[in-house]
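K.L.:
Here is what each chain is made of, one letter per residue.
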Amino acid sequence: MPKTLAEKVYEAHVVRSTAGEPDLLYIDLHLVHEVTSPQAFDGLRAAGRTVRRPDLTMATEDHNVPTLDILSPIADPISRAQVDALRRNAAEFGIRLAPMGDRDQGIVHVIGPQLGLTQPGMTIVCGDSHTSTHGAFGALAFGIGTSEVEHVLATQTLPQYKPKQMAVTVDGELPPGVSAKDVILAVIAQIGTNGAAGHVIEYRGSAIEALSMEARMTICNMSIEAGAKAGLIAPDQTTFDFLEGRPHAPQGADWDAAVEYWSTLRTDEGAVFDAEVVLDAATLTPFVTWGTNPGQGLPISERVPDPAQIADEGERQAAEQALAYMGLTPGTPLTEIEVDTVFLGSCTNGRIEDLRVAAELLRGKTIDPSTRMLVVPGSVGVKSQAEAEGLDKVFIDAGAEWRGAGCSMCLGMNPDQLKPGERSASTSNRNFQGRQGKGGRTHLVSPSVAAATALTGRLTAPADLIGA
Amino acid sequence: MDAFITHTGTVAPLRRSAVDTDQIIPAEYLKRITRTGFEDGLFVAWRTNEPDFVLNKPEYADASILVAGPDFGTGSSREHAVWALLDGGFRVVISSRFADIFKNNSTKAGLLTVVLPQAEVEALWAAAEADPTTQVTVDLQAKLVTYGGTTVPFEADDYTRWRLLEGLDDVGLTERHLGDVEAFEARRPAWLPKALPAL
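Sequences listed follow chains S and H, in order. Each residue of the first sequence is one higher than the one before, starting from 1 at the first, in full-length UniProt numbering. Each residue of the second sequence is one higher than the one before, starting from 1 at the first, in full-length UniProt numbering.
Be careful, since some hints might not be right.
[As the list claims (entries may be wrong)] To give an idea of the chain S side of the interface with chain H (calculated C-beta under 10 Å), a few residues:
(1) Asp-42
(2) Pro-299
(3) Ser-301
(4) Gly-412
[To be verified] Derived pair list, reagent style SDA-like, types lysine to any residue, alpha-carbon separation capped at 25 Å:
(5) H:Lys-31 / S:Lys-162
(6) S:Lys-162 / H:Asp-40
(7) S:Lys-438 / H:Asp-40
To be clear, the hints were calculated from the coordinates, so they are not data collected in a lab. Ideal Cβ positions, reconstructed from N, Cα and C, are used throughout, including at glycine.
Throw the hints in and build the complete structure from the sequences for me.
P.N.:
Structure, rendered in C-alpha cells:
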C-alpha cells in the first residue's frame with residue numbers, strides 16, 4: 001500500500017504495536033532546555049530512574065538567557081535558578097549541555113540542525129512546541145509536555161497514536177520579496193490556528209522544493225500554529241548538501257548508506273492524505289498578522305478587518321476581542337500601523353539567511369529614530385557566522401541592537417520584553433496576548449518586512465521601499 | 001497521578017475561542033522548577049485586567065469544570081497550563097475541540113478533557129449562566145455528562161480511559177516492554193547520530 005513520508009518515518013520507529021493500545025515509538029533524538037525539564041528530572045529522581053540514552057539527548061540554555069552581558073550570572077534569581085537546575089541535572093545524569101558562552105549554545109531548534117544532529121527519517125522530540133522545525137529535514141519531530149519529557153528520558157520511547165495526514169501543496173514561483181514566512185502565515189490564515197489538529201502536515205510542491213533549508217525550517221516551525229502534530233518536507237539534494245560535513249553528520253561509507261536510505265523518504269505515488277490544502281505561490285504577497293493568534297493574518301496591502309463583516313459569531317467575538325487588545329480600528333490600512341519595536345530572531349527566523357535578508361535591506365541606511373530594533377541570532381554559531389560576514393556592523397550602523405543568542409523577545413522570559421501598550425513587528429511565531437511582555441502587541445512578519453518596517457517605523461513591505 | 005473516575009461540581013462558562021496556553025499561564029510563571037503552586041498564574045492577565053472575567057465573579061469562584069469555546073489550549077507545549085488548571089481547582093475542561101499537546105498533557109496529569117459538540121457547550125454555558133450553582137457530573141466510567149434533566153454522552157479512547165480510571169503512570173507501563181526497546185535498539189543503523197561525545 002502506498003505510504004506518505006510521515007507514515008514511513010512513523011512505522012520505522014514502532015517498537016511495539018498491540019491492538020487497543022497506543023504504539024510505542026522509539027525516539028532518535030531528545031532535545032532538552034531549562035524550562036520544561038526540571039520537573040521531569042525530579043520525577044526520575046523520585047522514582048530512582050536514570051536517563052536511558054544520554055547519548056541521544058542534548059540540552060541547551062535558551063529561553064531564560066539574557067542577550068546582553070551573557071558571561072555574567074543571570075540577574076533574575078528565578079531564571080538563574082532554572083538554568084542552574086539544568087546544569088545540575090545535566091551533570092548528574094551525564095547529558096551534554098551547551099551552556100551560555102559555549103560555542104554550541106543557542107535556541108534548541110537552531111542548534112540541532114546546525115550540529116547535524118537533525119537528520120532525515122529521525123524521530124525527534126523536545127518539551128517545546130516548535131520542535132516541528134526539524135521536520136524540514138524529513139524528520140518526524142514534535143513538541144511534548146514535561147510528563148512526556150520524563151517518559152523519554154526514562155525509556156527513549158513515547159506511547160503514540162498514528163496521526164492523520166495532511167498535504168499542503170504550494171506550486172509555482174514565489175514573487176520577489178515573498179518568503180517562507182509569508183507562505184506559512186498564509187497557510188495558517190487559511191486553515192486556522194488549530195485547523196490541522198490531529199494531523200501531520202507534509203509541505204510539497206515546486207515552491208517548497210525550491211526553498212533553502214533555512215526557509216523550510218521557517219515553514220515547518222510554524223506547523224504548530226495551525227495546530228498540527230508536526231510538519232515535514234521530503235529530503236532532497238538541498239537537504240543532503242546542508243548536512244554534509246556538519247559535526248554529527250555521517251561520514252565516508254556511513255554517509256553513502258545514509259543518503260541511500262534518505263533518498264527513499266518520499267511519499268509514494270497514490271498515497272492518501274486525510275486532508276489537502278493547495279496554494280498558488282504566484283498569488284502570495286508579504287503577510288502580517290493583525291490579531292492575537294497566528295491565524296489572524298492578511299496580506300500587508302489589506303486593511304484591519306471589520307468584525308461586523310464576519311458571519312460566524314465565535315469568529316466575530318474573537319476578532320472583536322483581538323482588535324480591542326491590539327488597539328486597532330477596523331478599516332485602517334495595515335501599512336499605517338506604527339510600531340515601537342522590531343524583533344529579528346527566534347527559532348522561526350533567527351538563522352543566518354534571515355539575518356542576511358534583513359541586513360541587505362538595512363545596508364547603508366538608518367532605521368526610523370523612534371523605532372527600536374533588536375537583532376538576536378538564533379545561536380552562537382549563527383552570531384559568529386554573521387560577524388564573519390560583517391552583518392553585525394550593518395545592523396549596528398543602521399541603528400539596531402546586536403545581541404547575544406537565545407529565545408529573547410519571542411516570549412520574554414529574559415529581560416527582552418515589550419512594555420504595556422508597546423507594539424512590535426516580530427519575526428517570531430506567536431502574537432498571543434502578552435506573549436512578548438504584559439500588554440505588548442505583536443504583529444508577526446517576515447525578516448524582510450521586519451527590516452523594511454524598522455526603516456519606516458510602520459508596517460512596510462520591502463517592495464514599497466524602492467525609491468523611498 | 002490521581003485517578004479520575006467521576007466528578008461532580010459547578011461550571012465556569014468561558015465564552016472564548018482559541019484560548020492559548022500563554023493565556024492559561026504566561027511564560028514568566030514557567031521559570032519555577034516545582035510541579036505545584038501555579039494557581040497564581042492561572043489566566044492571570046484576564047483576571048487582572050478584566051473585572052468582568054468569569055473567574056473574577058464570586059459565583060464562579062468555586063467552579064471545578066471549565067467549559068470553553070473551540071480550540072482550547074493552542075500554542076505552547078507547557079504542561080504548566082494543565083498544572084495551573086488543577087492547582088486552580090479544575091478537574092475537567094469541556095470544549096468542542098482541543099489542541100493536541102494540551103489534550104495529551106492533560107491525560108498525563110489527571111485533568112479530564114471532554115469533547116462535546118458546540119451546541120452542547122452552548123447549552124452548558126446557558127445552564128451555568130442561568131444558575132451558577134448547577135451541579136454537573138462528568139462520569140468517565142459511563143462516559144456521560146449529566147446536569148439537571150440533561151445527559152450527554154462523550155467519547156474517550158479505551159486505553160486513555162483505563163489509565164485515567166486507574167491513575168496509572170505511563171513510564172511504569174512502558175517499562176514492562178523494555179525487552180522490545182532493547183531489541184529495537186539492536187536493529188538501529190550505526191550511522192544514526194549521537195550527541196556524545198561532542199564533535
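K.L.:
I'd like to know which numbered hints this structure contradicts. Please list them from smallest to largest.
P.N.:
2, 3, 5 and 6
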